[in-house]
Amino acid sequence: MNSTPLEAAQMRSMTLDQGARAIAIQNPSARNSTFVLAISSGMRHELPGEEGMLHLLEHLIYQDSAAITSSDREAELNSVGGVLGGHTHMDYTEFYETALPSDLSGMVARVIEQVFHPAFKPEQINEQIHAVCTERSQRLAPAPGEVLPFPHLTCQYWEDHAHGHDGTGDKSLFSRVSVERLQDLHAKHYRPEHAVLVTFGPQEPSEMLEILAEEMGSVSIAKSMPKATASHHMEARQNSAKNQIVHDPGLPGRRLLAATSAADARTINEAFLGDLIVASLLSMQTGLDSSVGIFGPADLTENDLFILVDDTGLDLEPILRLRALASVDDTILQSAAKRALFTVEKSVHDDERLARTTARDMLLRGSPSFAHELVSRLRLLSEQTTRLRKLLLGSTQRLATQPWHTLDVTPTLQEDA
Amino acid sequence: MRSLAKRVLTISDDRSSFPVLSLAWRTDPQHEQETRRLLTQSFGHTDRLVPVWHQFSGDNGSVILTVAAEQQQLERWLRSMAHESSRLDSTLASGPTIALVGTFADAKNFLATATDLFPRNDSETAVLPSRMQQNMVQGYQQTLITGQDPSLKAGEAACFLALCLLSGGSSAMLPRTVSSLGNGATVQISRGLVQRRAAITWQGICRGSGGLQVFEMLAQALPAQLKAMNDAEVQQLKHFALANLSRAWRSPIELAQTANQYQIMDWGQSLISSPQSELDRVTREDLDHAMDQLLRPVLEVLGRS
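Line by line, the protein sequences are chains E and A.
Quick note: the first sequence uses numbering that gives the first Met the number 0, first residue 0, plus one each step.
Quick note: the second sequence uses numbering that gives the first Met the number 0, first residue 0, plus one each step.
Calculated directly from the structure, the hints in this document are not laboratory data.
Nothing false has been slipped in among the hints.
Below, a sample of chain E positions facing chain A; criterion: calculated Cβ distance under 10 Å:
| # | residue |
| --- | --- |
| 1 | 74 |
| 2 | 76 |
| 3 | 78 |
| 4 | 81 |
| 5 | 82 |
| 6 | 98 |
| 7 | 283 |
| 8 | 330 |
| 9 | 344 |
| 10 | 353 |
| 11 | 374 |
| 12 | 378 |
Think of the CB as a built atom: it goes at the ideal place given N, C-alpha and C, for glycine as much as any other residue.
Please work from the sequences and hints to get the whole structure.
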């Protein structure tokens, strides 16, 4: 087997016969193993009329497949004490299982089979449309006014379809979805050459790569299917409507959601590092929460949003809050840098998340060790106050001069600005 | 791994640059919210710049505060938290158990300091008596049987295995046995704190008034089914239990939180720190004994002990 050692010492990768990238990460002291299969299609790749269908596809991957019923598959995983997860992101979709290292082969076989050979039974499609709707409403229910940065602020911010549609899925799926349509969508997006497979565990990387190669060898996919076009490569367009007010008389207080363009996160650059520090500083203030990225730092490589959620009830523009950061003292600045470091570090010090982050970074950046490198850069930075201040000033100035979109969730009736 | 007087635990782990410290207070389910509110207040009065991350968690009568911070500042923060939380009424919550996960120079001294900072204020208490409550709602009878958690007496690993056998996974013995009754009954077993003592609760719901008959049947059927298991099935059960316990090792945060939860609940922190060896030591006799002890509150309220 020809595999390539990657930058991180315990990582090896190879390209499998069908074009999928395979990565094995070894930690000899790990108590668990994780297998991740990620596909380079997400909500941004949905064309008009397909809204919510990639999320629905993700759900249907967990239903019956060609070889096994969903209940038998669940029983199989339960019997070994394993756990699973699946998420549809803007630019990719991931499926993963974690169990004891001795169960790695079973995990790999199970996930590969279900991802590439779903059965698409009509009754299960209907059930899962209900499940998608329930998931959406349960996610929104605890939020003031049932409004969240995703999808409400993103839909307001962007005008183009790829960025600005709500891909969570709603009841309109009942009238738009058919077995054939889902089969076509699956054939278009769920292809081995669009997949990254990552295993993590105490085993030798070569041993893990052999398991991946063997199990992927059993996948039969028609070679004539057209490749998916990346719809989000269209130019992103910002909406002209900058501010919206949502009235909800039952709210205890006002919440302001604000967004502006986040720094490009394809590589580790000064603006991206600066944005991480700014978000960390804002989040240290009572009543404020801020993040770089709609789904967290580095989850998108481009056209991501810098988010501020303001529950203070004070009528203070995001721009004024940014300008105020220029005067923070060194102790607070260093503390913010360490918080930013820990936020990013969580994506690599957690074994399961390390596997998922590696798959994401390989798909989106072609660099499986991006998150590790980001941690190293932030660790160095957290001790360099002068550099931190320079990054802070650079990002606050850039963010303050960019257009902001706001969503004002308010208990009182106010005149629209 | 070292432990001091069963109240503090340290696990060496080099995955994070920041040690993760977990403090767990023992209270009652009815005082949990108030305890959490007061501890949140106490936390708010400490130096907020020190922890780079924190989270309150816990349920079933425990409140757990987990923080990540730089090692050099952790002791100062801990002193501050000890001072702020010292006003917590000792009738509301006990002094906390402590778990530390990370690479920590001189962890032994740090934990000795931590033990001094948080004096133990929960005296040894008597065994929790077995009790039963029943009520009827819309034709369904609910039966709650509560008693002492037998983990300390019957062995923490053996009890965990017995609980996995009863409720874990897709072939769990309890729902399978209850459904074979065919009267729409459901029975669950759970663990938590009652009057700050480790307790188990059997909760049964059935149509009509046959709650006690359901438990009569279970008290006979469950030990018999356990005895009928072959060695391969017991090994499979241990594999399932090991997977569940090992999951805590996914991240330093999860490890600190779970180890401390097992510590405060008297479920055995060594089950988290050394699950394989703990489970390996359990014999068939241990497992039989643990099942009998889990059923003890049921037998006592049925007048069979």
